[in-house]
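Visitor: Using the sequences and the accompanying hints, generate a full structural model.
Residue numbers (this note's numbering), protein chains in the order written: chain P, 448 to 1022; chain F, 26 to 467; chain Z, 13 to 430.
Hints were generated in silico from the structure; no laboratory data involved. Be aware that one or more of the hints could be misleading.
[Said to hold, decoys possible] Derived DSSO-like pairs: lysine-lysine, alpha-carbon spacing no greater than 27 Å straight-line:
1. Z:K346 x F:K149
2. F:K217 x F:K128
3. P:K799 x F:K128
4. P:K974 x P:K697
5. Z:K356 x F:K128
6. F:K280 x F:K168
7. F:K309 x F:K217
8. F:K149 x Z:K356
9. F:K168 x F:K149
10. F:K149 x F:K128
11. Z:K346 x F:K128
12. F:K149 x P:K799
13. Z:K346 x Z:K356
14. Z:K118 x Z:K356
The structure presented is a predicted model; accordingly, all values stated were derived computationally and were not measured.
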Amino acid sequence: MIVARSVLPSCMTRKIRLSVCFSIASICLAGALNGCNSADETLAEPTPVGGPPLMRRLTESQYRATIADIFSAEIPIAARFERGVRADGLLAIGTSEAGMSPFSIEQYDAAARSVASAVVSEQWRKQLVPCRPQSETVFDEGCATAFVEHYAPRLMRRTLSTQELQPYIELVRRGHRQLDNFYEGLKFALIGMMMSPEFLLRIENTEPDTEMPGLYQLDDFSRATRLSYFLTNSTPDSELLRAAAAGELKTREGLAGQVDRLIASPRFEDGVRAFFTDMLEFELFDDLAKDPVIYPAFNSQVAAEAQEQILLTITDQLIGRNADYRDLFITRDTYLTRDLGIVYRLPVATRKGWEKSEFPQDTGRAGIHTTIGFLALHSHPGRSSPTLRGKAIREVFLCQEVPDPPPNVNFSVVQEPTSTNMPTARDRLEEHRTQAACAGCHKIMDPLGLTLENFDGLGAYRTRENGAPIDSSGSLDGTEFNTAEGLAQALHDHPETPRCLVEKMYRFAVGRDTVWEERPYMDYLVKMFEAESYRVPELMRTIVLSRNFFAISGVRQYGGEFQNAGLNIPMEETP
Amino acid sequence: MKNLSRRTVLRGALKGAGVGVALPFLNCFLDDSGKAFAGTGQRLPMRFGTWIWGCGFIPELWIPASTGTDYELPAHLLPLEPYRDRLALLSGFDVKLDGVPNKPHITGCFGLRTGIPVPDSNVKAPTIDVLVSDAIGRNTRFKSLEISTSGIQRSYSYRSAGSPNPSEISPIALYERIFGEGFQDPGAASFKPDTQDMIHHSVLSAVSDDRHRLMNVVGAEDRARLDEFFTSIRQLEQQIALQLEPPAPIENFVKPDAPPQLTLDSEMGNVMETHRIMAGLLAKALQCNQTRVFNVLFSDTTSNLRRPGTTTTHHTLTHEEPLDPELGHQREVAWFARESMVAWREFLDELAGIPEGDGTLLDNCLVLAHSDCSIAKAHAVEGIPTMIAGGGGLLRTGVHLAGKGDPISRVGLTVQQAMGLQVERWGSLSMETNRTITELLS
Amino acid sequence: MQLLYATNWDVPGMTRKFPLFRAARWSALLAAGQLTAAQAGPAFLQDGEAGFVVSHIEYALSDDAELNGACPSGMTGGLQEIFAASPGGKRGPDESDEQYVARVQKGTRTLSTTSDGRALCMHPEAGQPDPYFRTVQRSDIAVFGIDLDGEISNSDSKKHGTCAHDDFSGRNGEPGIDNQFYRVVGCSRSFQSTGMSNSFSTEMLTGSWGILLRLRGVDDIANDDDVEVGLYYNTDPIKLSPGREPLAYASYIADSDSRFRGETRGRISNGVLTTEPVDVRFRHVVNSMVLERFLRDARLQVTLSEQGELEGYLSGYTPVEAMYDQQFGYRNGKTGSGELAPLKLRSGSATGAAFVLGHTCNGAYYALLEHADGHPDPATGECTSISTQYRIRAIPAFVLEDTDSPESLNPVVAGTAQ
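Guide: Here it is, written out as structure tokens:
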């Protein structure tokens, strides 16, 4: 089940309305920008607005990281996870809306059983069971309690009362009784914890904001959870849980200390990777198919490595070198494997794994949007697509939503890629640009994508299509250029580029779309990003240290007193 | 509603298609006591088996020209027309050698069955059938049954290097082993529910105990989602509750008569006859739950099959017979390749000939059929022909999938997962994979 | 997607339909390698250097005997035929399949064993020249290959001891083609186009072995008086598409062992590269045994296309003992780790191959000796090597050296398993 969360009108996803598409693109976009850029010039955080408390499903990568952190990275997780749901442009927002099908419960159950069996196995118990029972066949209440006390708070990301721990201790007892083995009892108690909604869902709890009457805020443990999954894509570690229990996350110093600690830790890279994996829509690779006759160099390994190539470039640039975010669009530094080298036609000496490389200057390849992780993803199975690429640049990097094409369009021309009358994509798209129903939006997408036409549907360099030379001139919102490098520079310089990142990052962090009242806050973040020379770790720090990050909007109630908003859910237990 | 089979329900659940299935819907499948299924009143076990034929295939006579469901059956698959909807055809999946020397007819077979290429019979991991029998074969008399029908005492079922599960080659010996001394009337066997299942069931009940508290801490929108969570938990509880019920009584079971003395050699006609009889015995053994896992070696990977009146074996022909310039392939080799598919059809006939529940035994079997190589004369381990039959709704059939050079361990992984094994990643080196063949699931 | 490997050339005069053995679709294969027109020079040539990986290789022979009449007195007979022709070799009227098979097995085993019980394939010199081993006696047929010795010779033109032999004419009627290996195998069924012996490149395409070529100092791909040419064993498996066709522009590392590196010079004229002679040695694999393929005084004569494909001949002289080992006897077969393979494997493979492919080891050995035409022994005057020609194709590749390997980033980069 997917619940569409009602949010107030959003400014942040600037839909390029169809009517707007008909006007000249650059003017329409400039207008849209101004609408959202009306904040004052100071760098003080505006009054917090906040949003509703959420209930977010752990993503697959979060689940895996969480198990690795709580137990060990070597504990096998034997399950197949359901695909994430993309909502408002992000899987992170989908986690607040996705339901829990019987299939996913079955898989979580399988995962829980595989993890629990491993934890109590002879191989792992010395390391992972925090006590030795007197004997395997005698119930040891002390050890059962110690085990539950150790894992329940870690798995549920909060402290539990003695009363709350009791059912799990009871499960140890029952398991032990029926199976005549203490470790089997521990195993089933652990399965119970891992099937709890409090483990599988991040249920945010709120409390009144003491400083701002009428507003609410996240409680200590919900803060720790939101913070940890944003910065490290994993569960709060014990130090963070300790700080939360001690109320330190409510003080600026306490919070800053934890934030700096997490950003400096190696786990921070996982947070950055998780964000960009989401932003770049890498789950689409699961369905990506290429015609093996046209693109013989494509295979599943190349598909996987194309994603990793971008992520390595991103972490190297943004964390390793603390570079300007916008440099991602102009850098020629990259990483290659043997299989990728075939597509890029570059030598790769390293037999297995990755090596640092550089795109040669003469192909115009610069920026992550000219790697195959972008170019192949936003192409057709047998040919490139200036339109899809232009659309993706608008949506992924500039946060501009392009409407779907109108019905009853004649696509036969563009779907005839070997047409001799129209050998190049530019020729074929001319048709669309001259049809009134199509022209408006294609004018927004095609000039971007056409500059990438020197890269075929897989992303390999070419200078001709069907024998005809390729004209790679194009424009972006008033800036004209005639090479992919020109587009790279234009993306680097575009005012929407950093703003879009800020918006996506914030929405990723809080798991919901932004609301109208958050406009000044977004302007504040954008200005801070600029002031911090577009360093992404700094931006993430600014977000989590802002008061708005933990704020809960006052219009919503908390704790047992929620209004039934039209949904009538029976509360009695199912027989 | 009463006509919906149990499989329909489980199929929905397993495929994730039953998203949001409400409890009242499920209830209609339960009898008055709320425990067992209506209809037979009992559950039926799922079986797993492998069926091997040697020396590969003639690609252009076997691989359908198109993928998906609307493919045309090529000449060598025509014998399987009756089972078209019950078969998944898998072409173009490779054993990846990673520099391991390709021991002809061995490396491909074990690579497919263990997910690890080996240069000899020293497997580095159990074969897939052993992994499955460890999971589902615990409570039967035989953990698995192996048969070889071309007179060769060989098996490709290994727990570890040096410990193969040996094959029966004689129908009479097979009969004695199953239905001779120690055979019990299947109706009399007592049932003891698995205590693991019992405690697992109570764990999930305990999870549900938290429902009321949590429903009160979330907002209205999330309440609907949380409700779905607990409904799904409840459904899983019901599935496990089923395991606590005794299995279905064996319907229509008649103990077979002892088979006649047959000529056990490698002449094709004799092998076909031996195979038919041994397959029939095996089907009966499955029907009365003597085992849940089986391995059939129709012809050895270096196939010693031969036509009557000739002295050259199938394997030798693959290397020796010139290509027929008109046909573009080896004429005699093609004959053996096609007859092997006829044998495979006859094997399925035996399974489908035994009624079980509201279907047949084949409905409750998942059989993985495969060869040891693709083109035998080249010993190519790329694109080894593979099929999945039956599948009990656990896997999609009636479809042809092209692997496009993906590791063949994806097949083994998917089959294990379909059989309920909790495995997420399988194989090693280039064949290590966690990529379930999702096209087989939906 | 079909599976096999594009290995065969179309032989003129033959109407064959091998859907699986289709010729490589260069257009698709090299789509990624089209000329970067605007830039200087073709894409495969960087700073005067171009690397290639051999994508197709087979012995350069001729049309099938059936077509060119090369074997008027019949084809080579295998062990079974020899047995069947021997006294008592016929099947008896009451003999069952099993009985006759057993007798054939026993008989052929005797035929492939020396009088003192050793495998003839391991000791072919202990046997006799085999009258059933037929060779090509005619010289008036057109064969593939090039003129290796620069002479138009015939067996009458030179004295014994100077490697007298008859040249063939080429496919285009050119005289002087030295191809004595064709003479030896031209009447063997397994070397006809429908046979198995000339499809040894299958193991290359499954990654067991490979050959790299490298040109350096190329100023003009059509005409250049002096280029450096390297022929190396490839230490990496060839990269294939899901359709099993070799991919252009893959990276490979050349063997660093000097025995497996041949370096020479050559010239390009009108798009044809011809090199000076050089000894080259490659590995190949039979029945999981590693063998060596050796050519003395090898030269490359290939056309070089604008798309970076090489096509033509790699030709030279294979020492008779080496040719016997690489093609028939496997006496020096090694395991993957470099030790001599177990005798049982070497002997069994060679004897089995003889049985299946239709020859005797001693027959092949003496035929090679008889037709040897190169490198006369200074002491005895006996020829020690036999002219051997390969047809090859190669596609662009990055040919790297072991020392080019940068630090692998593997420890840093995890999580990219599929």
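Visitor: None of the hints should be skipped; say for each whether it holds.
Guide: Each hint, compared with the structure:
Distance check on the hinted pair: Z:K346 and F:K149 sit about 23 Å apart at the alpha-carbon level, within 27 Å; holds. For the given pair, F:K217 sits about 46 Å from F:K128 by alpha-carbon distance, which is inconsistent with the 27 Å threshold. With a CA separation close to 24 Å, the supplied pair P:K799 and F:K128 stays within the 27 Å bound. Under the criterion of a C-alpha separation no larger than 27 Å, the hint pairing P:K974 with P:K697 is consistent with the structure, at around 25 Å.
About 15 Å separates the Cα atoms of Z:K356 and F:K128, which keeps this hinted pair within 27 Å; it holds. At roughly 20 Å between alpha-carbon atoms, F:K280 and F:K168 fall within 27 Å of each other, so this suggested pair holds. Proximity of F:K309 to F:K217 is assessed by CA-CA distance (about 23 Å); at most 27 Å being required, the pair is judged to hold. With a C-alpha separation of about 24 Å, the suggested pair F:K149 and Z:K356 falls inside the 27 Å cut-off, and the hint holds.
Under the criterion of a C-alpha separation no larger than 27 Å, the hint pairing F:K168 with F:K149 is consistent with the structure, at around 21 Å. Taken as a hint, the F:K149 and F:K128 pair is honoured in the structure, with Cα atoms around 15 Å apart against an allowance of 27 Å. For the suggested pair Z:K346 and F:K128, the alpha carbons sit about 14 Å apart, so the restraint of at most 27 Å is met. With a C-alpha separation of about 22 Å, the suggested pairing of F:K149 with P:K799 holds against the 27 Å cut-off.
At most 27 Å may separate the alpha-carbon atoms for a hinted pair to count; Z:K346 and Z:K356 meet this at roughly 12 Å. A threshold of 27 Å between alpha carbons decides the hint, and for Z:K118 with Z:K356 the separation of about 18 Å falls inside it, so the pair holds.
When each numbered hint is compared with the structure, a violation occurs for hint 2 only.
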